[in-house]
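Colleague: Sequence:
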Amino acid sequence: MKSGITIYCACNNGDIQMVAFVIFVFFGTFLLHYWFRLYHMLPPCDRSWEKLKLKIGIWVLISSIMFGFACEFSAFVSFIESLTFFGVVNCCNTSLFYVYFIWEGDKSGRSCLLAEKEYWSLAQVRLWFQHRSTFFQLPLSKGGYVRLSKQAQHIQQSRTMGSFLSSFFAGGDENAPSSSADNSSVQTFHSSARWQLHFNQLKESSQLAVIDFSASWCGPCKFIEPAIHAMAEKFNDVQFIKIDVDELPDVAQEFQVQAMPTFVLVKKGKEIERVVGAKKDELEKKVQKHHAQA
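Everything in the sequence shown is counted per UniProt numbering, starting at 1 for the first residue and increasing by one.
Since the hints were made in silico from the structure, they are not lab data.
Any given hint might turn out to be false.
[Said to hold, decoys possible] Label-pair ranges, simulated between beta-carbon atoms:
1) 289 with 254: 22 to 30 Å
2) 293 with 233: 15 to 23 Å
3) 274 with 97: 25 to 33 Å
4) 87 with 24: 53 to 61 Å
[To be verified] 20 Å max Cα-Cα, derived DMTMM-like pairs, lysine to aspartate or glutamate:
5) 268 with 204
6) 286 with 237
7) 203 with 271
8) 280 with 233
9) 286 with 225
10) 267 with 237
11) 222 with 271
12) 270 with 204
13) 267 with 246
14) 268 with 254
15) 203 with 273
16) 234 with 284
The beta carbon of each residue, even a glycine, is placed where N, CA and C say it ideally should be.
Please model the complete structure; the sequences and the hints are all you need to start from.
Modeller: Here it is, written out as structure tokens:
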């Protein structure tokens, strides 16, 4: 409304420059708002060309608006005041350039623990859950991506060391699953080879199997875990299997898992039911149903 009034008054006075400037500021503000949202959605350690172009655009647009204000209002003040105003604008521009092109905040690209491609994959997973999942929201602060990258690196290191120790002490037995807790009937697999051998055995059996696809950073997965162990004790002739999607992404992709937790009920190697989300009652009903049919 105020912009419209300003444009109307400027048109009546024949001030075409003011009209053009107000229109530029009006649309530039909306563009800045959009660019700022895009910029703050990116990981702080990102060094991609897309982020650089975004920073250049933000800096040029803000600089243009500030210099435009300086030029328009210099006509209404004295020379000294106008010179002072231009000096302030130059200082602001220099500070803005430093913030967007030199200083990267509390985390620089060198402190990232993952390569850019892996880092972006974490961001994409987070955004997918934030915008598409109705049962899972992962609150993530500015440093959240770095914490996720540390977790991912720790998982990778643990996985590598765990595979080595397990093959060394177990004599390289590729078919030996581990339990997810002491005396637990929930089996976990840490290598695709072991999982494939076990899955081939499931294809030859009519026993019901429940495959729990989860992740170490998934809140709902941790919430429902005690219930899964209770079900495994209750239905002792049903196989409960836990797969970490970070450790075995190829298995998760094979079963087209797109959210965590996902429970896939399998008989003779074929999927018969699926429960997406931490829905304990629904899962127990489906297990009871297919357990009774066995």
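Colleague: None of the hints should be skipped; say for each whether it holds.
Modeller: To see whether the hints hold, each was checked on the structure:
1. 289 with 254: 22 to 30 Å: holds, 25 Å
2. 293 with 233: 15 to 23 Å: Taking Cβ atoms as reference, residue 293 and residue 233 lie about 21 Å apart, which means the hint holds.
3. 274 with 97: 25 to 33 Å: violated, 52 Å
4. 87 with 24: 53 to 61 Å: violated, 23 Å
5. 268 with 204: The hint holds at about 6 Å.
6. 286 with 237: With Cα atoms ~15 Å apart, residue 286 and residue 237 stay inside 20 Å; holds.
7. 203 with 271: holds, 11 Å
8. 280 with 233: holds, 15 Å
9. 286 with 225: holds, 17 Å
10. 267 with 237: holds, 13 Å
11. 222 with 271: Measuring from Cα to Cα gives roughly 24 Å; hence the hint is violated.
12. 270 with 204: holds, 11 Å
13. 267 with 246: violated, 25 Å
14. 268 with 254: holds, 16 Å
15. 203 with 273: holds, 16 Å
16. 234 with 284: holds, 10 Å
Hint compliance for this structure: hints 3, 4, 11, 13 are not met, and every other hint is.
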